[in-house]
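Enquirer: Residues per chain, in single letters:
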Amino acid sequence: DSGVTQTPKHLITATGQRVTLRCSPRSGDLSVYWYQQSLDQGLQFLIQYYNGEERAKGNILERFSAQQFPDLHSELNLSSLELGDSALYFCASSNGVGTVNEKLFFGSGTQLSVL
Amino acid sequence: AQKVTQAQTEISVVEKEDVTLDCVYETRDTTYYLFWYKQPPSGELVFLIRRNSFDEQNEISGRYSWNFQKSTSSFNFTITASQVVDSAVYFCALSSTGTASKLTFGTGTRLQVTL
Chain A
8 DSGVTQTPKH
18 LITATGQRVT
28 LRCSPRSGDL
38 SVYWYQQSLD
48 QGLQFLIQYY
58 NGEERAKGNI
68 LERFSAQQFP
78 DLHSELNLSS
88 LELGDSALYF
98 CASSNGVGTV
108 NEKLFFGSGT
118 QLSVL
Chain B
12 AQKVTQAQTE
22 ISVVEKEDVT
32 LDCVYETRDT
42 TYYLFWYKQP
52 PSGELVFLIR
62 RNSFDEQNEI
72 SGRYSWNFQK
82 STSSFNFTIT
92 ASQVVDSAVY
102 FCALSSTGTA
112 SKLTFGTGTR
122 LQVTL
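As you go down the protein sequences, you meet chains A and B in turn. Just so you know, we're using my numbering here: the first sequence kicks off at 8 and counts up by one. Just so you know, we're using my numbering here: the second sequence kicks off at 12 and counts up by one.
The reader is advised that the hints may include incorrect statements.
Which bits of chain B does chain A cover? Going by a derived footprint, with three or more residues having C-beta under 8 Å, they are [said to hold, decoys possible]:
| id | segment |
| --- | --- |
| 1 | 40–46 |
| 2 | 54–63 |
| 3 | 113–119 |
Just so you know, the hints here were simulated from the structure itself, not pulled from any lab data. We put the CB at the ideal spot given by N, CA and C, even for glycine.
Sequences and hints are given; from them, build the entire structure.
Expert: Set out below in structure tokens:
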């Protein structure tokens, strides 16, 4: 068990809808990362937050947004969902600001299915 | 741009066989870190090892060993005397000073170990 908690584990929704994925980092970790794993794109970095502030951005669509709250949990909001958004969404955390050598601890992921 | 290539999509071995998973990376940065993660059927990503670009010593941890060669930009992973529990998808990943917290993952190698 990595200590990173993601909810829900599975989410089924329809095109055009909006969903929120939730992540609680390991105790003491200040950085939260979101990754998307899809069959065609593989594992891709979406966004990182450090202590409530956006720190780094990857291939995140404009329809997607995230935030990190004062209690350090994070939410990833996906709106106007399309079939291609179906993927496994991972949250990870680390105890630093996101330096090159940091080890990331991943949650079990949220499997999103857009029908 | 940085890139990680895992040319082996799927490998099948019989238990107790040794198996090597290949990883080739590309980066222009001189300081970088290489990682291996395991994704068992349950779905979570489990950290296995981290190696920095200045340390070319091979590492052994139980039945696992890693061979880092800067000359060929490779960071290969060998499982000795494989076991059924080793069945998983294995990802090689790269983090460099240019991208810091953004781990670049390879496409993964699915290892199937049978009795």
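Enquirer: Against chain A, does the segment 54–63 of chain B show at least 3 residues with beta-carbon separation below 8 Å?
Expert: holds (count 7)
Enquirer: Test coverage of the segment 113–119 of chain B by chain A using CB-CB distances below 8 Å; three residues minimum.
Expert: holds (count 7)
Enquirer: Count the residues of the segment 40–46 of chain B with a beta-carbon closer than 8 Å to any beta-carbon of chain A: does the count reach three?
Expert: holds (count 4)
In the structure shown, no violation is registered for any of the earlier numbered hints.
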